[in-house]
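Protein chains in written order, with numbering that gives the first Met the number 0: chain A, 0 to 708; chain B, 0 to 331.
Derived from the structure by calculation, the hints contain no laboratory data. Backbone N, C-alpha and C fix where the C-beta goes; we use that ideal spot for every residue, glycine too. One or more of the hints may lead you astray.
Ranges between beta-carbon positions, derived for each pair [as the list claims (entries may be wrong)]:
no. : chain 1 : residue 1 : chain 2 : residue 2 : range
1   : B       : V34       : A       : G77       : 36 to 46 Å
2   : A       : D92       : B       : P127      : 37 to 47 Å
3   : B       : G100      : A       : E545      : 25 to 35 Å
4   : A       : L75       : B       : V34       : 54 to 64 Å
5   : A       : D182      : B       : T204      : 20 to 30 Å
A few chain A residues facing chain B, derived, Cβ under 8 Å [stated by the list, open to error]:
no. : residue
6   : D92
7   : R585
8   : M634
9   : R708
Below, each chain spelled out in residue letters.
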Amino acid sequence: MTLTGTPPAVGTAVGPAVGPAVGRGVRRLDGRVKVRGMARYAFEQLAESPAYLHLLQSTVARGRVSDVDASEAEALEGVLLVLTHLNSPKLADTSDGEYTVLQSPGVAFRGQIVGCVVATSPEVARHGAELVRIRYDEHPHDTRLREDDPDLYAPDEVNASFPTDTDEGPVEEALRSSAVVVDQRYSTPMEHNNPMEPHSCIATWDESQERPTLTVYDSTQGAHGVASTLAKVLGLAQQDVRVISPYVGGGFGSKGLPHAHNVLVALAARTLPGRPVKLALTRQQMFFLAGYRTPTLQRVRIGADADGRITGLVHEAVEQTSRIKEFAEQTTVVSRNMYAARARRTSHRLAALDVPVPSWMRAPGEAPGMYGLEHAMDELAEACGLDPVELRIRNDPPADPETGKPWSGRHLVECLRVGAERFGWSRRGPTGSRRDGDWLVGFGVASSTYPGNVMPGSVARVRYGGRGHYAVHIGAADIGTGSWTALNQVAADALGLAMNRVHLEIGDTALPMATVEGGSSGMASHGSAILEACRRFREEHGESPEPGATTESAAAEHPEAKEYATHSYGAQFVEVRVDADTGEVRVPRMVGVFSCGRIVNPRTARSQFRGGMVWGLSMALFEHSIVDHRFGHVMNHDLADYHVPTNADVVDIDVSWLDETDLHLNPLGVRGIGEIGITGTAAAVASAVHNATGIRVRDLPITPDTLVR
Amino acid sequence: MRPFTYERALDPADAVARVAAHPDAAYLGGGTNLVDHLRLGVAAPGRLVDVSRLALDRVESRDDGGLRIGAAVRNSDLAAHPSVRHDFPVLSQALLAGASGQIRNMATTAGNLLQRTRCRYFQDVTTPCNKREPGSGCPAVEGRNRTLAILGASEHCVATHPSDMAVALAALDADVVVLGPSGERRIPMADLHRLPGDEPARDTTLDPGELITAVELAPLPAARRSAYRKVRDRASYAFALVSVAAVLEVEDGVVREVRIALGGVAHKPWRATRAEEALRGREATAEGFRAAAEAELGAARPLSENAFKVPMARNAITATLRGLVRAAGERA
Ligand SMILES: Cc1cc2nc3c(=O)[nH]c(=O)nc-3n(C[C@H](O)[C@H](O)[C@H](O)COP(=O)(O)OP(=O)(O)OC[C@H]3O[C@@H](n4cnc5c(N)ncnc54)[C@H](O)[C@@H]3O)c2cc1C
Ligand code: SF4
Chain A
0 MTLTGTPPAV
10 GTAVGPAVGP
20 AVGRGVRRLD
30 GRVKVRGMAR
40 YAFEQLAESP
50 AYLHLLQSTV
60 ARGRVSDVDA
70 SEAEALEGVL
80 LVLTHLNSPK
90 LADTSDGEYT
100 VLQSPGVAFR
110 GQIVGCVVAT
120 SPEVARHGAE
130 LVRIRYDEHP
140 HDTRLREDDP
150 DLYAPDEVNA
160 SFPTDTDEGP
170 VEEALRSSAV
180 VVDQRYSTPM
190 EHNNPMEPHS
200 CIATWDESQE
210 RPTLTVYDST
220 QGAHGVASTL
230 AKVLGLAQQD
240 VRVISPYVGG
250 GFGSKGLPHA
260 HNVLVALAAR
270 TLPGRPVKLA
280 LTRQQMFFLA
290 GYRTPTLQRV
300 RIGADADGRI
310 TGLVHEAVEQ
320 TSRIKEFAEQ
330 TTVVSRNMYA
340 ARARRTSHRL
350 AALDVPVPSW
360 MRAPGEAPGM
370 YGLEHAMDEL
380 AEACGLDPVE
390 LRIRNDPPAD
400 PETGKPWSGR
410 HLVECLRVGA
420 ERFGWSRRGP
430 TGSRRDGDWL
440 VGFGVASSTY
450 PGNVMPGSVA
460 RVRYGGRGHY
470 AVHIGAADIG
480 TGSWTALNQV
490 AADALGLAMN
500 RVHLEIGDTA
510 LPMATVEGGS
520 SGMASHGSAI
530 LEACRRFREE
540 HGESPEPGAT
550 TESAAAEHPE
560 AKEYATHSYG
570 AQFVEVRVDA
580 DTGEVRVPRM
590 VGVFSCGRIV
600 NPRTARSQFR
610 GGMVWGLSMA
620 LFEHSIVDHR
630 FGHVMNHDLA
640 DYHVPTNADV
650 VDIDVSWLDE
660 TDLHLNPLGV
670 RGIGEIGITG
680 TAAAVASAVH
690 NATGIRVRDL
700 PITPDTLVR
Chain B
0 MRPFTYERAL
10 DPADAVARVA
20 AHPDAAYLGG
30 GTNLVDHLRL
40 GVAAPGRLVD
50 VSRLALDRVE
60 SRDDGGLRIG
70 AAVRNSDLAA
80 HPSVRHDFPV
90 LSQALLAGAS
100 GQIRNMATTA
110 GNLLQRTRCR
120 YFQDVTTPCN
130 KREPGSGCPA
140 VEGRNRTLAI
150 LGASEHCVAT
160 HPSDMAVALA
170 ALDADVVVLG
180 PSGERRIPMA
190 DLHRLPGDEP
200 ARDTTLDPGE
210 LITAVELAPL
220 PAARRSAYRK
230 VRDRASYAFA
240 LVSVAAVLEV
250 EDGVVREVRI
260 ALGGVAHKPW
270 RATRAEEALR
280 GREATAEGFR
290 AAAEAELGAA
300 RPLSENAFKV
310 PMARNAITAT
320 LRGLVRAAGE
330 RA
């Protein structure tokens, strides 16, 4: 293998500081209250004489509710309300099928909300829910995703507004004339986000004023998005809905948008005006109602010349969506610009099934797409007799193959080289050549990528409170990532202050509008708004402002961003050990090197990368929502059966990044770090498993039964 | 979740009296299984009688060198007990391979033995299940049965018993001591759990109201060289796909004593008597171990999703015995 050139500087635990605060590994400002259990999450907010809501969920996958007998439940002491389509208030807007809750007897998937019981205690609500008798007219259902489903269709666009299909150059011809062709099918299973904190809310409907208002404590990645959706669906004015979300125990995309339970709890609150109604989904319910990653069936064809230069690339994905709302995972978009190719085609086809509504799950698109593409690259390297690192280096495109735009900063090759060095990649042996006692040992590699995203529309407010203290307000969310701390660092530097002079408030629609904490765009979007608001504050009020001086501003225009193709990159290297007797896979070592623009806080950034890699490992070996298609629902709907890694599964993870500032996308120089860590990991594991055993497992997850012989 | 009353028994006889008189009463140990079932609606007793605080919380040495393990001894304490670690390492290893630290701190010996299957249909009251609702059918036979039985199942139920500890106790030929309305009796481990047959609702041979008070282990010097091997989907905190509890004594290259029990393969801890017979008195070789395992697994009838358990169990048995030989400094 040839790896040339000297690796650039690598940032590790604490990179060089850029401002006094930015670039420093500042400890989480909210760490202490969290570890002491004193941070109040949505469900723990104080509410006076609250009522508790328990869901009623359909037990058929398609049909109609034909009869509801709530008499026994209603007679139970403590039951305040049994709400079903028969007595639910009408919604003002029913254009979104997911939010159209209790408006008809129709059932579109098993586990769909068909009602709820509200009571004075959670136990009574739960007991009451068991006593409600619901009968159904059951219709035949279909929940099985098939590549040959005759009803597959092409959506108008896929998630994040990407085109559904692309077709550049005569790809079939290119493949026909290639020296080497890989043509394989890969699949990723249905997966569920499962943040530690379940989706929960407290809703209070107030009719004591002239106009009704709704206040919701919610566990969400975007308070403003929840407020505008609820306002629209319920027919309230936007300013009459307040959503408060101080602490959030993880979301991973599943709290990026409101879900049906938010509407339900608002309907219940409306029926019991003045009374706070509390709901926390059970873990089991989260497997029906909080979004999930669609299963993907992928076919990847790559042709290359004898030197391993890609001539043609085809990446096709078949995925599912629900009948009541379309969500199209952008699985093959990664193949549009990851590598150079003379001709390429990508496509997405959807089956609308009787299933819950799929949604965002960390790196929607990139996570499953990079599995298929990168696993195919590993097979191509094998077919060409090339080192997989070298194959990727050879196909590094000088400019964005899709648009022809220059890269704002593409450093995949450096990531691969630095990673190979840190990992000791040169010690990789031929397939099936290393054994240590009962363990078969293998090394694997894959690339990572994630687009640099900035979302327009966020506004920040800076206010001088006197005595040297400044308040900075923005309705952003910290979903456990540390963004609260990192945004504080940005504000402190922008105002030229020590961090303890800046008081950042987030997580409330009473604060200026912020876009959703998703798409790894939080720092770029919210940080840029804060930066600009602080700059303008100084411009307007100088260094010695009057107490009360206030400035509000959106992020500055950054027209240059449009001229560049902006993506982050990474390289992941993995050692696996496969038990020769039982097929059990262990991963003692992982190395990840990333290029993501400026790192605002190395401490919290490290956790994001590492957490992403742990999840990638989880995707490789464990996660799999198992459906019984006769019933139509996920059977392993709890964390005893739906496996994620335990501490014992995660051993040595070495994270580093290139020192880099990308000023093309935004004035902060950041590209976002929240999602890239999960991309490519599963392919690196599959590559290592193949190197250890000679077995190609193309359908995730790679469980012992796929390897035992 | 149905409302229930909670009471604490004063002593074993009091506990039996409180439960035997009420068909809808249940004993409560650490609650790590039963309380889940209350929430899920899998069990709905009207009265819980807490037996976790009875004075059955000691591990005592018997005069003959055996052990008497109280029914309320916590799994963590039992695993850490010096006599268990020294004389019956397979038991300590099996306990530590089960569940998580927190759960083991709560779980009791009796509760562990009587924990119910993890079959997903059994735990999901929106689906049929013969074990939970006799006569409703068994969707697992042709459903998602990857983790279920390959041995001794019936068309009515293909569930597995999930306990690791019970597999070790089966290999050690433990006795279970129970107290019922009409007095005390001892049940050999092999007879405590049942095969499903046409009565899958019954996990065990216990009569209604019977209380487990202790588990007894006769002395077994060979057990000092014993091991538990658990094959699972992740490194920790996962139920066994298959597991092996083995005791092996080899002298001059010949198998003197061998006990093998399998977990994750049947409705009860599966004592591998055919494999034992094939090994006893024969040379201890890797080929012999494999042939013995195959002899045992000849009776396997895998389901649509779990054929992998046959080679997995075969290899796990072979590897466990190999490991025990290696530990003894002999060659196989
Ligand atoms: C997430 C998870 C993972 C787990 N993983 C594993 C694993 O890998 N391996 C494993 O072996 N186990 C595992 N377990 C199961 C765990 O070992 C059992 O839940 C536990 O041993 C049960 O003991 P308990 O005392 O809590 O029983 P309880 O829940 O209190 O009772 C269980 C049953 O025993 C009955 N009972 C209790 N005491 C007596 C008595 N003295 N006499 C008669 N009847 C009695 C109860 O009525 C009930 O029917 C896991 C559990 C969970 C939740
Ligand atoms: S295998 Fe047994 S426990 Fe599982 S569904 Fe069938 S009858 Fe019920």
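Okay, the hints, checked on the actual structure:
| no. | hint | in the structure |
| --- | --- | --- |
| 1 | B:V34 - A:G77: 36 to 46 Å | violated (21 Å) |
| 2 | A:D92 - B:P127: 37 to 47 Å | holds (39 Å) |
| 3 | B:G100 - A:E545: 25 to 35 Å | violated (58 Å) |
| 4 | A:L75 - B:V34: 54 to 64 Å | violated (22 Å) |
| 5 | A:D182 - B:T204: 20 to 30 Å | violated (57 Å) |
| 6 | D92 | violated (31 Å) |
| 7 | R585 | holds (6 Å) |
| 8 | M634 | holds (4 Å) |
| 9 | R708 | holds (6 Å) |
In this structure, the earlier hints numbered 1, 3, 4, 5, 6 are contradicted, and the remaining ones agree with it.
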